[in-house]
Amino acid sequence: MTQPAAVPEAVKPARRRLSLSAGETLAGFLFVSPMLIGVTVLVLLPILAALALSLADWNFVQGWDGIKWIGFENFRKLWDDPAFIRSIRNNFLFLLAVPVYMLISMVLAVLIDRYVYWKGFFKVAYFMPYISNIVAVAVVWQVLFHPSYGPINEMLQAIGIANPPKWIADPKFALYSIMMITVWISIGFNLIIYIAGLQSIPRDLYEAADIDGASALVKFARITFPLLSPTSFFLLVTGIISSFKVFDIIAVMTQGGPIGSTSLMVWYLYDQAFNNLKIGYASSVSVVLFLFVFLITAGQWIAQKKWVNY
Amino acid sequence: MATLHRLDWRKAVTTAVLFAVSLLFLLPFLWMLTTSFKLEKDVFVYPIEWIPKQWNAIANYKEVWFGRYPFYIYYWNSIKVSVITVLVSCTTSSLAAYGFSKVRFKAGKWLFLIVLATYMVPSQAILVPQFILYRNIGLFDSHFGLILLSSFSVLGTFMLRQFFMGVNQEYIESAKIDGAGHLRTFWSIAFPLVKPAVATYAILRFIWTWNDYQNPLIFLRTDGLYTIPLAMQKFTSMSGEFYSLIMAGAVSAIVPLLIVFIIGQKSVIEGIALGGVKG
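From first to last, the protein sequence lines are chains Z and A.
Residues 1 to 310 in our numbering are what the first sequence spells out, letter by letter.
Residues 1001 to 1279 in our numbering are what the second sequence spells out, letter by letter.
FYI, nobody ran anything at the bench for these hints, they're computed from the structure.
Bear in mind the structure is a predicted one, so any value in this text is a computation, not a measurement.
One thing to keep in mind: the hints can contain errors.
As the list claims (entries may be wrong) - Incomplete in silico selection of chain Z near chain A, CB under 10 Å: (1) F60; (2) A196; (3) A208; (4) S229; (5) I302.
To be verified - Computed spacing ranges between beta-carbons, pair by pair: (6) Z/P164 - A/W1050: 41 to 47 Å; (7) Z/G299 - A/P1047: 46 to 52 Å; (8) A/P1196 - Z/W118: 36 to 42 Å; (9) A/V1013 - Z/P164: 49 to 55 Å; (10) A/K1080 - Z/F75: 30 to 36 Å; (11) Z/G299 - A/I1262: 34 to 40 Å.
Said to hold, decoys possible - Here are a few chain Z residues that sit away from chain A, every Cβ distance over 12 Å (derived from the structure): (12) A22; (13) L45; (14) A52; (15) K68; (16) I70; (17) K77; (18) D170; (19) F173; (20) L175; (21) Y176; (22) I201; (23) L205; (24) V218; (25) S261; (26) T297.
We put the beta carbon where it would ideally sit given N, CA and C, even for glycine.
Chain Z extracted, bound-state conformation:
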């Protein structure tokens, strides 16, 4: 029975711990590897490729040999490209929809949370546009907005407006029409988040305000609004980011037209890449898009500490 003594007692647990932690590492890698491989191949590599291609002049049909490396030439061209500048301007105009739907959602959320019967019905009704298929929704609005015999203009004419706007067919109104539909779609999501935010406000604050005889308006201004600020901040950031990603509704309803009035950045990217086949040029638009989203996210981190009332 001398064999066990050959292994000093102190070494045993150490070696065991070592193999255990190696086993843990292996297990860890195995668990996360499907996700890791997927993300690497489908996201990380494409990011690097997009960065590289943004420095190239390349038309997809030329094949690999057709790549010409031109440095930052694409970005200089973008800067001078009126169609691109216009789509950035449209994108910034589009941001105006965000505070509009946030404000409407906040008011609706306060009312639905405290002052109405049939809460469940209202949640579902306002939420329907958000979960509905965006293509189907866009097609329905396209018909509702039909300039000559769409129901909306029929109604406007019936109440005495002789020359109602031509909506998505009119370059002056097209972007605003799309923004209106975006407001209509986004209220559901914002409403749900606001209702969740309201539920985390302690009830006794309102009871204390009641004892002091505060009116509903004062309670909203002094309690509800400030205590919702983390929620509002979150919705503002996601709203801004998602307005830089708007694509489906443009692709279905206007294709960027009439005369470029609804061309947003992502539509422009798509148009350059898949209609004009300018892969390099489109990739430089991708990089600009990525920069915008990155700056907003970074700004969020900085602003969060300063402004948000926790």
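Using the hints provided, position chain A relative to the given structure of chain Z.
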């Protein structure tokens, strides 16, 4: 609770006002539904006939489902793509979520940060390289490729990780003492505890995949492979002025989602409120 049996009139007035506002959200859907039942010549009759005088529902839906753009094929495609995507995505996300929260390994923290950072990248910024990649490795124009694109969800991993972190570490440790490996612990202890969260994520993923227009538009070419949103758009541009047919298509595209939503209403709303997530 004096008001229990009495109508609070202020509450009643607010309810009435909000009901009127909610019509703005419901009437477009109602218009879509009634129009899908109408004869084409009655579509734009004003004032709007909310109940059609002449019904043409059967002919309209027959044309949409079995006509030149047969929706039954696209339905099948959508169901296939959405269901498989949900299964694969839930698997990869919950495995990774467990790995990132319950397995103690050094690289885990860094890998998680890298994965999380990719969430910031707008999907459209990498469309072009993904397209080139797919053309070159033969995944272009296939359901398999389409499914892969939404099978590795950072959002799902992040969401489920939060729930796995809530699983008591003592359960994991005691399973280990009993000699269970991580796979066993994952499957018979941790996963059953986070099942409700996985179900919520599954419903959200189903809705997002069903509604996805961008990926099918770019990664599919063959008519027969189209999913509902893409088919809906092609159908609309082909049917031109046949608005009753277009609305029958729109109704067909929206109804399955409404059913999923109404069945899973609580999880959907809670999931969205909880994660503050957005497709």
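Hint check results:
no., hint, verdict
1, F60, "8 Å, holds"
2, A196, "4 Å, holds"
3, A208, "21 Å, violated"
4, S229, "15 Å, violated"
5, I302, "15 Å, violated"
6, Z/P164 - A/W1050: 41 to 47 Å, "22 Å, violated"
7, Z/G299 - A/P1047: 46 to 52 Å, "50 Å, holds"
8, A/P1196 - Z/W118: 36 to 42 Å, "27 Å, violated"
9, A/V1013 - Z/P164: 49 to 55 Å, "31 Å, violated"
10, A/K1080 - Z/F75: 30 to 36 Å, "42 Å, violated"
11, Z/G299 - A/I1262: 34 to 40 Å, "39 Å, holds"
12, A22, "9 Å, violated"
13, L45, "7 Å, violated"
14, A52, "9 Å, violated"
15, K68, "16 Å, holds"
16, I70, "17 Å, holds"
17, K77, "17 Å, holds"
18, D170, "19 Å, holds"
19, F173, "18 Å, holds"
20, L175, "19 Å, holds"
21, Y176, "17 Å, holds"
22, I201, "14 Å, holds"
23, L205, "21 Å, holds"
24, V218, "17 Å, holds"
25, S261, "20 Å, holds"
26, T297, "5 Å, violated"
Violated hints for the displayed structure, listed by number in ascending order: 3, 4, 5, 6, 8, 9, 10, 12, 13, 14 and 26.
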